[in-house]
Amino acid sequence: MFDFGIVTNWIDALLNSVMPGWLATCVEGVLVMVALLLLYSVLAMFYIFYERKLCGWIQCRLGPMRVGPWGLIQVFADVFKILIKELIALKNTDKFLFALAPYLVIIASMLVFANLPWGNGLQIIDFNIGVFFMIAASSIGVVGILLAGWSSNNKYALIGAMRSGAQMVSYELSIGISIMTMVLMTGTLSVTGIVEAQADGWLIFRGHLPAVVAFIIYLIAANAETNRGPFDMPEAEHELTAGYHTEYSGIHFGFFYLAEYLNLFIVSGIASLMFLGGWMPLHVPGWEGFNAVMDYIPSVVWFLGKAFFVSFLLIWIRWTYPRVRIDQMLALEWKYLMPFGLVNLVIMALCVTLGFHF
Amino acid sequence: MVNIQEKISALCPSATFEEGDKLTVTVAEKEWHALAKALKNELGYDMLTSVVGMDWKDSLGAVYYLTSTATWEMLAVKVAVSDREKPMIHTVSDIWGVANFQEREVYDFLGIEFINHPDMRRFFLRNDWVGYPLRKDYDADPEKNPIRLTAEVNEDDTYSLEEDENGNITRVDKKVFGDDDYVVNFGPQHPSTHGVMRLRTAINGEIIKKVDVMSGYIHRGIEKLCEGLTYPQTLFFTDRMDYMSAHQNRHCACMCVEKALGIEVPRRAQVIRVMMDELMRISSHLLSYGCLTMDMGATTAFFYGFREREDVLDIFEKTCGARMSLHYNVIGGVVADLHEDFQKDVKAFIPKMRKALKEYHKLYTGNVIARNRMIGVGELSKADAISYAVTGPSGRASGFACDARKHKPYSIYNELKFNEIVRENGDCYDRYLNRLDEIEESLKILEQLVDNIPEGEICAKVPKIIKLPAGRWYQEVEASRGVFGVYIESDGDKKPFRMHFQSPCFNLVGVMDNCCKGHMIADLITIGAALDYVIPDIDR
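So the sequence lines, in the order shown, correspond to chains H and E. First residue of the first sequence? That's 1 in my numbering, and the numbers climb one at a time after it. First residue of the second sequence? That's 1001 in my numbering, and the numbers climb one at a time after it.
Any given hint could be a false lead.
[To be verified] Under the rule of at most 20 angstroms between Cα atoms (straight-line distance), these lysine to any residue pairs were calculated in the SDA-like manner: (1) H:Lys155 with E:His1190; (2) E:Lys1209 with H:Asp327; (3) H:Lys155 with E:Phe1177; (4) E:Lys1417 with E:Glu1447.
No lab work stands behind these hints: they were computed from the structure. Quantities reported herein were computed from a predicted structural model and do not represent experimental measurements.
Build out the structure end to end from the sequences listed, making use of the hints.
This is the structure in structure tokens:
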């Protein structure tokens, strides 16, 4: 399997040979940032197109077809439209917080995004507490949403933000617990460490029932965490028009929109890292030939493929189910998901200590 | 009839009687409230079908149409006051809940104030409107009511005229919402109000405390316009009220005129009318299914409903030439013969629709989220359904068997075999299921008729100029959302003296406050969608 670390190390050595160490680090930082921003926006556009086409397919429609072949240019047209739209300044709003909120949301999503390992050696930095960092950074987003709702001076936005606060704080527990189950299995908090532990078999296969339960809990909680249907109550377009971003326009709205789609990718990415082996190819112990063939597929393709597959599941759920009500949603978390998750964690701990897993 | 006359005479000796389309009782204003109570409690007239505000030039007043839900007999009560400066009638909103909104409409258009009415505000027009449009001496000068360029302030003030034991009437000022209420406004521009409708909602957290319905944003003054048009011309408005039951509404208006003229409609036209009515009902229920599911967040189910509805609209398009405002019924029959493909299309549609119904149930009815969102939400008791005259699938979900096709059969409905779908719980889930089941019943009716369309005339001979004899007529049909009524009062001219349309949606929106109290904001949307009111039908 090709190790991208060779490439990155070569660039690092090259830069260090022509300039002092601190400058090399700075240049590397800028390069990484540009690459990340590009990836971020390209992925967001891809996701918008992906969801539109999938949703059209589910709803007996074609989806966008007019702009470009199969509507491929449609997303670019939409992005362009959002870029040139006016940022409407509203009376009686808290101007500073109003402008700050979208940046908080997008910063949170970028921080987590930056932490994903894309392939073998293709990670910006491998923390020993990477998982912890991801969960912590993703929580910043809820602050942005609460601020957006509060500073808009709009009742719909406020109700949407309150719902969102309740929802994200609740479901973060389930996400944390289900990820913890996997951490327990691999014994490391480093993201790359978890991926490398899956070289011989993905955790969802190795962990028996507890891993499958954790995966399902993670999928449900991730759907809620990204504010997507059936948990899209913070926006609840049929009740609160657009929830917390009702009053936003132009690129500020665009940031919320972008973050929403990228969060879909991020939660799918984390799911693939934690449960489906991340960039690790599918290996079956004993099938040497099969494993060798699988190794020829680049690790980036494995990672993206798994992430898109999990996104497909999430999109499928979104376009099938009606929206739950706020009390039902909280009941689902506190009465079912979290207790199940905790019990599952204990079972997993037992499995690990007694060596019941593969 | 005679029996009832005697009973009413015993209750109120000064009442006078008039035979006609319906037995009409004229009572003095002073005796009206006591008689109304007795009519409801002793004679079983438990449903107030319609309140028609009237201006008879020498007097103002109202005609109340009462229905007994046991025998389905109707009775008209005429109450008039001669004071034109400050006309006042006692309210019956304490006896029949539906009178609350109905009387506000009368107040709005005729300026009759109702004593003891809890909330005497205008219902449709702005508070700064000058004059009362349905009065015969109304000055329509545009100078008096120019197009206002200012937004209307939220008017929280209302009043009641309260009467004490000695008969002294005092004006008591009231507030709709108190200072402590957190009021959230839904509409008139809102994705889920199904039109330009406004609901002001006091909430406590997510729990709804009170819903105040504000309407009239698209009121077109159809009743006023009708007074200046000939009978065939007035028919064109009916398709524009509840556009989802265009055929039934127009059928009703035509039947009312036909009844007054004594025209016998040819059998072929009758069959065609009934088939069109049922197709319209199917298309309406499909839209309702789609909108309910979409309002609950299931966007996909919406498209499934609209997919089948397209077929119905194609059938309409071939025969009527239009998909929305169909204008197919005329006085005496229908305007054009069926398209040659009609039978073939309907025969192809019936099995397709049956298959689709199964798919709907699979997709949505069994869904655990959908069930949790609908079961036990927005419950309306049978007594309330009758009191608020909630008819149609929504009324039948509350256990109130009110299908006009069964209980007051018109056209050829008494020859057809179909079931009246009645459920008992009165929640959103029952309303939803009722609609899907009624599609099946409509398919049964279509199945019985599609091969039995007789040959013959499609329209009876009607005079070139239609003049109705003096009198008043009331006709009801079962429209898609409930019982739709047309009231015509004629003074012998070719134009109606007064035409009133009793729309089912007006009553449906009247129970929003009842149904929503104690539920959550999300439920408000579900309840609204499950009651399935159509705004142009309210804002006639």
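If you draw a straight line from the CA of Lys1417 of chain E to the CA of Glu1447 of chain E, is it 20 angstroms or shorter? holds (10 angstroms)
Please work out if Lys155 of chain H and Phe1177 of chain E have their alpha carbons no farther apart than 20 angstroms. With a Cα-Cα distance of about 17 angstroms, the restraint between Lys155 of chain H and Phe1177 of chain E holds, given a limit of 20 angstroms.
Next pair to validate is Lys1209 of chain E with Asp327 of chain H; report whether the Cα-Cα distance is within 20 angstroms. holds (17 angstroms)
Against the 20 angstroms threshold, does the CA-CA distance of Lys155 of chain H and His1190 of chain E hold or violate the hint? Holds, at about 14 angstroms.
The structure shown violates none of the earlier numbered hints.
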